[in-house]
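> Chain by chain, the residues run as shown.
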Amino acid sequence: MSEPAAAVSTAPPVARTALAFPGPRRIVDGWELTARHATGDLVLADLGPLVKLTVRGPAEGAVRAALGTGFGRTARHDEGALAGALVVGAGPGEWLVLGPAGTGGELLAATRAVVADSGEFASVVDVTHGRALVRLTGAAAPALLAKVCAIDLADRVVPDGSAFRSSVARVVTDVVRDDIRDELDDPAGDGTARTRSYLLHCERSSGQYLADALVDAGTEYGIEVGAPPSAR
Amino acid sequence: MMLLPCPNCGARNVSEFRYVGEAKTRPDPTTATPQEWRRHLYLHRNPAGWTRETWYHGSGCRRYFAIERNTVDNAVRTAGATS
Amino acid sequence: MSRKEHDDGAGRSRRRPRYSAWSLVRHGLGVGRDWERAFRHHTPRESYDVVIVGGGVHGLATAHYLAVNHGITNVAVLEKSYIGSGGSGRNTAILRSNYLTPEGVRFYDRSVKLYEHLAADLNFNVMFSQRGHMTLAHNDSSLRTMHWRAEVNKLQGVDSSVIDPPEIKKLVPYLDVSPSTRYPILGALYHPPGGIIRHDAVVWGYARSADAHGVHIHQKTEVVGIDVVANRVTGVRTADGRRISAPVVVNCTAGWSTLISDMAGVAMPVQTFPLQAAVTEPVRPFLDTVVVSGTLHTYVSQTDRGELVFGASVDPFASYSTRGSLDFVEGLAGHVLELMPALSKMRLLRQWAGLCDMTPDYSPIMGLTPVEGFYVDVGWGTYGFKAGPVSGEAMAACIANGKPPEIIAAFGLDRFDEGRLVGEKGAAAVGH
Amino acid sequence: MTRRTVGTGDCRLGSRPGEVIDRSRTLEFRWNGAVHRAHPGDTIASALAAAGVRVFSRSYKYHRPRGLLTADILDPGCLLQVGDEPNVRGAHRLAEAGMDVRSQNTWPSLRYDVKAVNQVAGRFLATGFYYKTFIKPERLWPAYERVLRRFVHAGEVPPDGEQLYYDKRYAHPDVLVAGGGPAGMAAAVAAARAGATVMLVEQEHQLGGHLRWGDADDLRVRAELVAAVEAEPGIEVLTDSVVAARYDDNWLAVVQRGLPHVAERLVKARAGTLVVAAGLIERPYVFAGNDLPGVMLSTAVRRLLNLYSVRPGQRAVVVTANPEGDAAATDLRAAGVDVVEVDARHGRTVVRAAGRGGVEAVELSDGSRLDADLLVTATGWTAPTSLLNMSGSNPVYRPDAARFVPDPAATPDTVIAVGGIAGDGTLEELVAHAEAAGREAAARALSLAAAHARIRPTSPGGADAAERAPEPVAPLGLRRHPELFFATPIGGFVDMSEDVSAKDILTAVQEGYDSSELVKRYTTATMGPAQGKLETVNTVALVAHATGSTIAETGATTWRPMYTPVTLGALAGRRFEPVRHSPMQPWHEAHRAAPLVAGQWIRPEHYGDPAAEVRNVRAGVGIIDVTPIGKLDLQGPDVPKLLNLLYVNKWSQLGVGRVRYGVMCADDGVVLDDGVTGRLGEHHYLMSTTSSGAGTVWEWAENWLQTEHPDWRVHITPVTTAFASINVAGPRSRELLARLTDVDLANEAFGYMNVRTGTIAGVADCVLWRIGFTGELSYELHVPASYGLHVWESLMAAGADLGVAPFGVEAQRILRLEKGHLIVGQDTDGLTKAYSAGLAWAVKLDKPDFVGKPELQWQSEHDDHPRLVGLQPLDPTVVPEEASQIISDGGHIVGRITSSRMSPTLGRSICLGQVDAHLADAGTRLTVRLRDGRDTLVEVMAEHAHFDPEGERQRV
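Chains as they are written, first to last, in the UniProt record's numbering: chain A, 1 to 232; chain B, 1 to 83; chain C, 1 to 432; chain D, 1 to 956.
Calculated directly from the structure, the hints in this document are not laboratory data. Some clues are possibly wrong.
Here are the computed lysine-lysine pairs in the DSS-like style, where the Cα-Cα straight-line distance is at most 25 Å [stated by the list, open to error]:
hint: 1; chain 1: D; residue 1: LYS847; chain 2: B; residue 2: LYS24
hint: 2; chain 1: B; residue 1: LYS24; chain 2: D; residue 2: LYS641
hint: 3; chain 1: C; residue 1: LYS80; chain 2: C; residue 2: LYS113
hint: 4; chain 1: C; residue 1: LYS113; chain 2: D; residue 2: LYS136
hint: 5; chain 1: C; residue 1: LYS403; chain 2: C; residue 2: LYS80
hint: 6; chain 1: D; residue 1: LYS115; chain 2: D; residue 2: LYS503
hint: 7; chain 1: D; residue 1: LYS503; chain 2: D; residue 2: LYS650
hint: 8; chain 1: C; residue 1: LYS80; chain 2: C; residue 2: LYS220
hint: 9; chain 1: D; residue 1: LYS136; chain 2: D; residue 2: LYS61
Excised from the complex, chain A in its bound form (with noise of 0.2 Å):
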């Protein structure tokens, strides 16, 4: 390859997620996000800069077993070589990888050596900058998405740990249920008490439109904009 014909330096490049709220911004390793700090019982988190990666392969066999659940259920890997990862199960043979910021280049490499040693057909494809991702966390979490989901959320239907693929606000998105742990405020000491808390996952150019959409929704909760109550 030769050299480029006359190369001009530009700045360095600043990553944007697909949602902007009004207010102050701020660069954290190189991604723009809002500089609010939410404080509210029922918080909208911005996401954007998780690496994610969709895996598709067979519903059942050696990359299911690796990737270590299977279709509308969820797994936190540890441990491992993907170590970090949530790992949803976002369709019959489909997975959906989440990884924290920044860790693309790694979570990447170590999920195509899942799949080459595998032995079957499935592929990887990045999809970091192909996709909204929001947190949306609090007890009135449900509530709000009553106005919007038309899947019951009750517990024995989508227990935590568990995920499924509808129309939210008419999007097609991906949801996950994955409540926090309360580590400063658990009464019963053992670890059990947790606040309700989903992923939304959906194709970039509607995220905004979606965040509005729960924004609007949640206003008779005061919901809140901002960065996570909980770093994951």
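Given chain A, put chains B, C and D in place with the hints provided.
Chains B, C and D alone, transformed into the frame defined by chain A:
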């Protein structure tokens, strides 16, 4: 709104799905006469009663699947995955 | 049109006292006899020259024109429920002729012309209100289609043009024509001769006239079989166990057209979809024009009683169920308020559904079939009511002459085998 | 108009045990300009009735004065205008401070209504008069129609009414109980105790149904049941709310009112079991003068007396055929009203009410005449079986009970009727039946939930409840009731809302409209606001009488949604209309791009001067945001098979690093989409589609893979917005791009129709395609979307000295038209096959199969199809508008202009058009009819391209 039993996701509102049409077998394009081909394209059984048809779960698993539906009262029964 | 006197000695036809303001006054004052029956009950004959299946506007108009234009009066219309119980009584009664293809425009223009004089021809006020018909365009491509239709219409002599938002606002002040809406109104196809009509009255007017000319109308008479011998129709069988012989059987049904054609062994390129409609409580008149939005799948008009009548496109999946859906009224209300935000406090009174037989090219199937003596006038999609009079006239001519007249030549069943589809599908999916 | 204040009134009684008004407070509202007082809890009608108001409206056709009949939401005499809201049910809507209430459609006033002259003309306005008059002369009909429209009987919607906030939510109760009377409450409590979640919906403002206006025992039972409901945490109670409709699979529309900050909320509930507990509606009786103010149903009288403490009259005649009527007489006496009871169980009944503007005297069937200002009837009940009708069950007539009852055999297992709709019994029997039904409703719902859980992937633990077959609920009995519908078949009104008289029904039957449906349509009986709840059975009885058949044979008409009319606002709710934006949208907005709505996408149409944008691309370099272009990531060894199937052209030989243009057709040969596909790696391809076709093509490809070729190893991932797409076009595009990328852009290294990946402006993993819709040297950049704005701004900054400028969709349309590239859907339509679109070069009939092949084979063998051709007007200043028709000498349509523009590059007008086959040869001159009616001549060109037909500029 009727529920449609997606073989992957379970019962969901029919608005999550796209109706594809009566399940049909595509004739062999190398041997079909023009008339046979056009009958495949244009003719429908269109029964008032049970029919086998294809749906697409666009807001869910994004899979095509077959069901049997009674077109008179929209009762639905599972017919397994299309193959 | 010649109005022949029919008196075959058997008392089949009769002179009917005419309706007029004077007749109303006489009855109001108690002078003269009671009102006569508009249509009578008969015992079915063993045979008729023509049996028409379906007592809607198409079947009854065919019977009327067979008698009036061709002197063929030994005709039975068999209706499984009551007359006008199908699509004729469930449509939103919008008339227009601003179609896309020349053959479509010619055909529906003839229909509008017949409708214009129908009240006088039938001595029955069908209340045709030619208040104008407006199809809104919300994007470039639909505006282009509106121009396309307008240009074709003009070449066929049909009054049709594209108007701009200020003109639209003048005609329909309740429309939000501001450019900042989600679906901005860029223009509209305006068609002054279009309008609405009292659909039931059209059915009753044709029934009354056909009856007066000796046609037998048999209600609650369901056809359950069609007899075909050596590829020739010989008659029909009814649910009450009768066999009625006839050399000509005409399928004038909508919603059941494949089922009836199947009885004669003729497969149809038709799929049946519900089409829903709804009506609000009345409010004082504020809307003088029929307003249609293809993009928003909505059409709305206000009746002389003050109700708003709404319709949309056909349901998203084939069905014979007429139970209706909440999705439909939710979408409808949303779209109506998108167009006319002031109407949010109006109340929806009732929703219903009819059945539409959709063809691959959104054009009807009319004329002969491979079975001799079996004629079809089906596949009307969402346009059947608009075409009632011209279909009756053309089908009557087709039966009387044994071949389709020029005006329906493009609509033959054989076009599908031959790959000669009519181009009406190019128009927006909702073209009411 | 004189302003006066009216007290809460002469007709207000002392405090009563069941009253729902708060006497400690008073509020003021206006009624036809005068200030009235009400207590909180009063309806508009009860407050006015307490003040002695008897007339609330004028009737539809004859403008007869009308008062209260049912004193509830169904009351046909009490539809009012409240502020900008029309047709408010004044006997249901609570009075609020500051309300501006007016009677509707009366002029100059409710009292002296000019149109009351219609009463005199009434004998000539008999049924069907519209159809029999105004027939000739035809030209006068529009004038007649204008007059008719002036007689519309209704409120009005001003064009600038207040916009309220409407909301929606979904709910998933195991059991939904429609109706909060004793049976509904008992069923709800039993279902909740059996472990079900329950939604209990009551239309009125309080739970309790008829117990509310009952005696001390009734009030005690009500209190106990309400306490039991409140004690169950699993019951959600919605009052002033209604189950407006039931759809397939118990999808229920519940309209919730009386909420803070929200005008109304539509609750869309998917219930396991629907318990219908709608009670019974008291049926009016048909007799001469039955619409006079002062004629009321027994339930209306008891509501006024016992809920609102309003005395409805001074001297009452009570015609009663049932214990409820007897109770009304008792209640009236207790309130100090003189009462004469007429026991209709023994053949005595009323035949006429007489008076001017209100009841003054009553004539009985035995010929006696009584002075009275109040006539109360209790002659029977109608079961409001709407929700059961909507469930597919048609009620059957029971002559012994004189009403239609539901047919349990025809009712689906997911619907159970309780209370008065289902049958009769003592209060204890009704409650016991409802409790059994509530338990069964819970069991069925939990069983259904278990069945659903079995196939749902989110709950792999399976169901907690077992599936079980439904068990029948022992039915209620029916109480004998005399059949009382009309006194004589010629007197009085059957439908007060529509002013349809008994005589009208008989006339209609006589004229041949002799079935329930035809009578309904001919007379409009049952078509008013109550939708037949008050009128249907009496209408059917009259039709049966007139036709000499039974009520059962005649049959009722079908009840359709809505149960109670619902505002458009509630049905619309918050509107979800998704829009999509590219990552560069903030830049476009900041630079005042004119927005173009293209489906869900909002795109820049231009930045002020599209012609200048075109010239800048031809002369220098421009950039356009083409993010909406559909992009599909294809992986797997069988991708070439898929491409060969979907595209009409060949794909087997595409090398890594190459891109190719392809056309897709449907199986009928009609052009579906087009785009380019590039091969990024051995088993890795990127397919592009048109913007509007992105979703369709993805689903189309999946359909072929999943249903026809499940064995092919291909994975498709939509990545349309994973990339921000920017086309850099113009002779200086290479120079610009070279400043920002590490990719070797030399023509030898990166030629036309090639693809490379590399870094742009510091952003890795960008895909560069060397293709051009504009006909210039150009690069289509697909940049990881998060960096789209960064790359766009970098291009603008790096190219400032080159004169780089953005261009919008309009400039792109012109550029592509100059190059003769077609747009699928504009230059083609729903019937255009590949050969008609001039795509013969792409169609490879020697492939064994591809989608659309048989029809294209046919088309290739027949020469009679229209052709897409390049066209140029002989007068270069004339631009024939798109959609202008091309006509023959005889005026026949022989084609049309599909695209046209003034070309800034060529300084002349250019077009594409479809023309009939025999007119498609180059050099043919054709006539185009312009929009203004003038004709202009155009010439058929040899090529689609008007500019650089050899394509040299894009290959440099």
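> Could you run down the list of hints and mark each one as holding or not?
Cross-check of the supplied hints:
| no. | hint | verdict |
| --- | --- | --- |
| 1 | LYS847(D) / LYS24(B) | holds (23 Å) |
| 2 | LYS24(B) / LYS641(D) | holds (22 Å) |
| 3 | LYS80(C) / LYS113(C) | violated (30 Å) |
| 4 | LYS113(C) / LYS136(D) | holds (17 Å) |
| 5 | LYS403(C) / LYS80(C) | violated (28 Å) |
| 6 | LYS115(D) / LYS503(D) | holds (22 Å) |
| 7 | LYS503(D) / LYS650(D) | violated (78 Å) |
| 8 | LYS80(C) / LYS220(C) | holds (5 Å) |
| 9 | LYS136(D) / LYS61(D) | holds (23 Å) |
Checked against the numbered hints above, the structure breaks hints 3, 5, 7 and satisfies the rest.
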